[in-house]
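Asker: Fit chain R to the known structure of chain C by using the hints.
Below, each chain spelled out in residue letters.
2 protein chains.
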Amino acid sequence: MPTDRSAPLSGIKVIDLGRVLAAPFATSVLASLGARVIKVERPGVGDDARQFGPFQGKTSLYFASVNCDKESIALDLAAPADRATFEGLLEIADVVVENFSPGVMDRLGYGWESVRQRWPRLVYAAVSGFGQTGPLSSKPSYDIIAQALSGMMSLTGHPGQPPVRVGASIGDLVAGLYLALGVVSAIHKRTRTGTGDFVDVAMLDSQVAFLEVAVTKFTATGIDPAPQGTRHPSIAPFQAFQCGDRWMVIAAGNDDIFRRLCGAIAQPQLAVDPRFHDNACRHTHLDELEAEITAALAPHDVGHWVTRLGEAGVPCAPIQTVGEMTRMDQIAARAMVVPIDDPSLGAAKVPGNPIKMASVDARTSRSAPPQLDEHRARLLAELAARVTASQY
Amino acid sequence: MPTDRSAPLSGIKVIDLGRVLAAPFATSVLASLGARVIKVERPGVGDDARQFGPFQGKTSLYFASVNCDKESIALDLAAPADRATFEGLLEIADVVVENFSPGVMDRLGYGWESVRQRWPRLVYAAVSGFGQTGPLSSKPSYDIIAQALSGMMSLTGHPGQPPVRVGASIGDLVAGLYLALGVVSAIHKRTRTGTGDFVDVAMLDSQVAFLEVAVTKFTATGIDPAPQGTRHPSIAPFQAFQCGDRWMVIAAGNDDIFRRLCGAIAQPQLAVDPRFHDNACRHTHLDELEAEITAALAPHDVGHWVTRLGEAGVPCAPIQTVGEMTRMDQIAARAMVVPIDDPSLGAAKVPGNPIKMASVDARTSRSAPPQLDEHRARLLAELAARVTASQY
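The listed protein sequences derive, respectively, from chains C and R. Under our numbering, think of the first position of the first sequence as -1, with each following residue one higher. Under our numbering, think of the first position of the second sequence as -1, with each following residue one higher.
Heads up, none of these hints are tricks.
Partner residues are not named here, just some residues of chain R that face chain C (Cβ under 8 angstroms, in silico):
| # | residue |
| --- | --- |
| 1 | Tyr140 |
| 2 | Ser167 |
| 3 | His186 |
| 4 | Phe196 |
| 5 | Trp245 |
| 6 | Pro316 |
| 7 | Pro349 |
| 8 | Ala356 |
25 angstroms max Cα-Cα, derived DMTMM-like pairs, lysine to aspartate or glutamate:
| # | chain 1 | residue 1 | chain 2 | residue 2 |
| --- | --- | --- | --- | --- |
| 9 | C | Lys56 | R | Asp276 |
| 10 | R | Lys56 | C | Asp276 |
| 11 | C | Lys137 | R | Glu309 |
| 12 | C | Lys11 | C | Asp340 |
FYI, nobody ran anything at the bench for these hints, they're computed from the structure. Quick reminder that beta carbons are idealized off the backbone N, C-alpha and C, glycines included.
Bound conformation, chain C alone (with noise of 0.2 angstroms):
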């Protein structure tokens, strides 16, 4: 028998409510997965991600790296036709994404319990800032609220200097993530009971998910955790170096990975040296090393001690940038920066989809970004053309 190559969510349908970040990411993941996702949007203005620079033409390219494999229609959820069309499209999918504040799809009568009357196999997904649940469920949240409020921030930066935001969103991404785990474990789960579910994601709930040890060690301990600049909490070295010329980064997962690099930056004594003898010892006479280590690493350019510490086997790579990282083979190979299927946007890509499948091929474009309304009439005319069949 023939593989079936088709994706894993073929078949799928996802109505997406979802505006700027976390819900939009959430059903971008969805339709690299295979689902069809068709976004419905506000007529005149859309998803306000369209407004947010910088533009490629007319194109927002912030809205273009997270709606790729999308359709659109513009609905009006406070006008009877439009409410008609929108309940048409919930007759026909199987998920619904929104990123509203908890409160806003029950005063349109979209709320899940009058929602799953009458879809009860409608998987209903809802990504905010603090949830359905609480008392700051109702407070409006940004990606960088979720960052402060978790802790998040507390660990990034440097101790002593002013605080860092994570240069990504991950107050939205690490939520639009989960939530589409949700989604995929919410539908594994009808195929057993034949029946939705409804879905709650917070943004703050996810960023604590994602704080690893350091809930563990403040809860034991009762000590905060301080940001550590690039070390690791745990392991020794493990962190940022300068170079002749610029930064590089060395992992020393391990005692042997470090008794190597003390033999690839010829410092043989370090490896036999009592405060570095094992990773707790390391740890604490880490000022002392990394001194030791900087100084060592000062003669030469990043390009040799890659070489160098690649040769001893030895975890290590430059910091790159976003251009640099764009130019590697290993990415080029993976297809992780795919081109957009629509000459005017030019040279711009967008992230390919990270999760690879023996029985899938892997894309090598997406879909341009749809354009405000673009899929309304053929969506219609498939609304209608289920309507008329199904009154024979």
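Answerer: Same frame as chain C, now just chain R:
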């Protein structure tokens, strides 16, 4: 009909060969969704993370933070008797997860091509630094390598200052979360096709997928995005500000919020200043705007401003420590910092599951992380019973 309140992955069995973080985090997420996770560890030593401090008694809190809700058996995959046991586990498993360097499982005779012949329904999920393909495939990697090569570190920190590592290991965690999503997607596809799949996720790829608009912006303009401190790349003002006592963040996501902000800090003239009249202008003149807002905030402490701005509907928050986060009523209401069912771990808690579902009660604790080989006898008995049963 009563609702089926089982967790979505109830009945799914996962064999976890993972060490340290990326794969163990993925299986921790799968366990939160109801999967049964069986860790297969090296005899004597176990998962390397068991050696990472801090410790509570003899238990690594680092290990505890990503290994609750799992079973453990110690197996030497080079020894015939243990190989038979491992194959018995594969016989009952739905999923196997590993984060060895590519090639290690092949050398053990358990690469995907061999395993799929004997167990065609198995979903085989591998997370590695660079993925199973491409010129860097066999290179070792660690969190900070993925953060450095992807460009993530180039976006994080203050311009002209030393680099900053994101304070949580997002190189591992994002890859682990994508792997979990790939696993559940492959399980969903299996209900359609009857066959398993190979899921291949790279830490580098996963970081690239999280660069958001940075890839699109660079490829369109050829200009490498620089670190922004706490500033958002597209929205202004959306960043940290120093108040009288400490730092807070303010997120003026649109023009309305900006006008309300100006009123709340008693600087209404800023709202009508042509330098600041829309997001694009504010972005261009951000240094001046930042100075104005900082001067206005200086006379009062963060508590004053969070109240005042909150009343005006301006999203804002103090930059909290991890400890402050754990004391939030919202975190308690959402069960996002939960105890471990193990008195020997004292006060240590772990993050809860951020995927809340209407059909599943949120867990308010997690099971103790397993001792090395703790579940050997039970697992062997389970496999023996299965063999005996199949003889009749």
